[in-house]
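Asker: My request is simple: use the sequences and hints to build the entire structure.
As a plain string of letters, each chain reads:
Number of protein chains: 2
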Amino acid sequence: VNGPFIAVDWGTTNRRAYRIENGRATHVERDGRGILAMQPDDFAREAAALRARWGDLPLLCVGMVGSRQGWREVPYVPTPASLANLALGTVWVERGTVAIAPGVSHVAPERCDVMRGEEVQFFGAVAAGLAPADRLLCQPGTHSKWARVEAARIRDFSTAMTGEIYSLLRRHSLLAKMLEGEAAIGPAFQDGVREGCKQTLLSSLFGARAAQLLNARSAGEGASFVSGLLIASDVQSQIRGVNDDVYVIGDAPLDTLYAAAIETLSGRPHLIDSAAAFVAGVSKIWEVLV
Amino acid sequence: VNGPFIAVDWGTTNRRAYRIENGRATHVERDGRGILAMQPDDFAREAAALRARWGDLPLLCVGMVGSRQGWREVPYVPTPASLANLALGTVWVERGTVAIAPGVSHVAPERCDVMRGEEVQFFGAVAAGLAPADRLLCQPGTHSKWARVEAARIRDFSTAMTGEIYSLLRRHSLLAKMLEGEAAIGPAFQDGVREGCKQTLLSSLFGARAAQLLNARSAGEGASFVSGLLIASDVQSQIRGVNDDVYVIGDAPLDTLYAAAIETLSGRPHLIDSAAAFVAGVSKIWEVLV
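In the order they appear, the protein sequences are chains A and B.
The first sequence: position 178 = 178 (this note's numbering), numbered continuously.
This note's numbering runs 1000 ahead of the 1-based position in the second sequence.
No lab work stands behind these hints: they were computed from the structure.
Simulated restraints on C-beta separations: (1) P1080/B x L174/A: 24 to 34 Å; (2) H1027/B x G220/A: 42 to 52 Å; (3) L36/A x R1053/B: 48 to 58 Å.
Facing chain B, according to a computed beta carbon distance under 10 Å, are these residues of chain A, among others: (4) A160; (5) T162; (6) H172; (7) L174; (8) R194; (9) Q199; (10) F206; (11) D234; (12) S237.
A few chain B positions that, by computed beta-carbon distances, are all more than 12 Å from chain A: (13) R1019; (14) G1032; (15) N1085; (16) L1088.
No experiment lies behind these values; they were computed from the predicted model shown.
Quick reminder that beta carbons are idealized off the backbone N, C-alpha and C, glycines included.
Answerer: Structure follows, in structure tokens:
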């Protein structure tokens, strides 16, 4: 049995560090020290500080820390990718002490995609038995990730800019004023879902504004309607047919909004805690690695 | 025969003024004095200044000047709307001297839409014989307008946020850096068009970025690809079947980008000059009005 280790989910803007022992997190820290906040020398210093704080343990990093803009570029593992492929592609920054895991790439004639970090949750959900080894999995967020898993391998995946577009609309668009407040499940959200599944996003967005101008929708419903519209547009591109199971790995409240949209679009949502999936996935990579 | 008059296309950020005599523009001025640049008292002063400059002629305003944020709110004319309906709905700010034409609204159980200004070009294109009286017309722009005309009436119309989304992506998104430069017709644009007609916009946008990260698309092609993607997404929602005629009222270079996408999607584009359509439309309204 392996001893304890430190896992760092080191993203673009956020960082989460876990001290893991026997497959369970004994300490967790979350902060805004993502790679955008780092100078080139900071990475080694930050890693040393974590190890000093949590008992000189070996440390495994995943996420954007392995990108060109991160600590060291670690080549992507291509689809179909297994958890063992991830371990094999992991690069030691300091032998036996500090390692960075790769991301996954998908290259098909008509479509390319990349991820760094989300693959750990996908594999972890399957490894921990939270999701079957052959199914559609989703991680909602700024960039929503959808993975098709077959025999515990990621065969194909796709990223949607759902969260980023929502944020751009709220901060900078003509719709900004009508998108104040938080989205919530209710009639306006469900109207948005039904509109979203038409896949006419560019005109549906303007329609939301026109409905308010014409008093066909009350102020305060805008955020819920547009959230439902964008999420359904995302979901509709992925689910196939009635009763398609979708395993949603995420955090409240976004995971419940996705679950509601999946249900309205005749899918069957299953919620999985993202921290549990991460700890399971990173533990499994570590187990193969050392 | 009516005497000369002044027509002002008074939009949100831009203003175009025309001195019109016998259905032709003898003077044109274009500036950035849209309604956002106006204080409440400025409208009357600006109108008086135009009239003083161009010979004390009567003045007809169209566009956002008739909205709640403009000079005076003029109620929308509902679909199906004719040119005569527009004249009937025109409001005199000063009897016989200064008038503001209404916009058009579309209210259906599942969809609402509004326009203020574009209806003049749509009617003008038909009145001048530049487009048939029963066809699909389009005005590309920040908010692209699509109108279905039947017996010279606007039966239905739809607005897409195509240009605004493109601008948000260029200025504020993760894709900003890869969208530098101008879009042009070519292989990257056509690839974008083919991707856009899948109607999976949120994931197609991220795919554009992944293709650059994986060197599947060269830097400098981003603007053309994403432009093709957005325009095709807009066009695909509107055209129906092979050889659908689309009358595009616009200005270079955007009108030619739309024409190229329409052709690739098996439609038949016809280009119409927007100033010619405007002058024809506003002259016809004036003729009915006085």
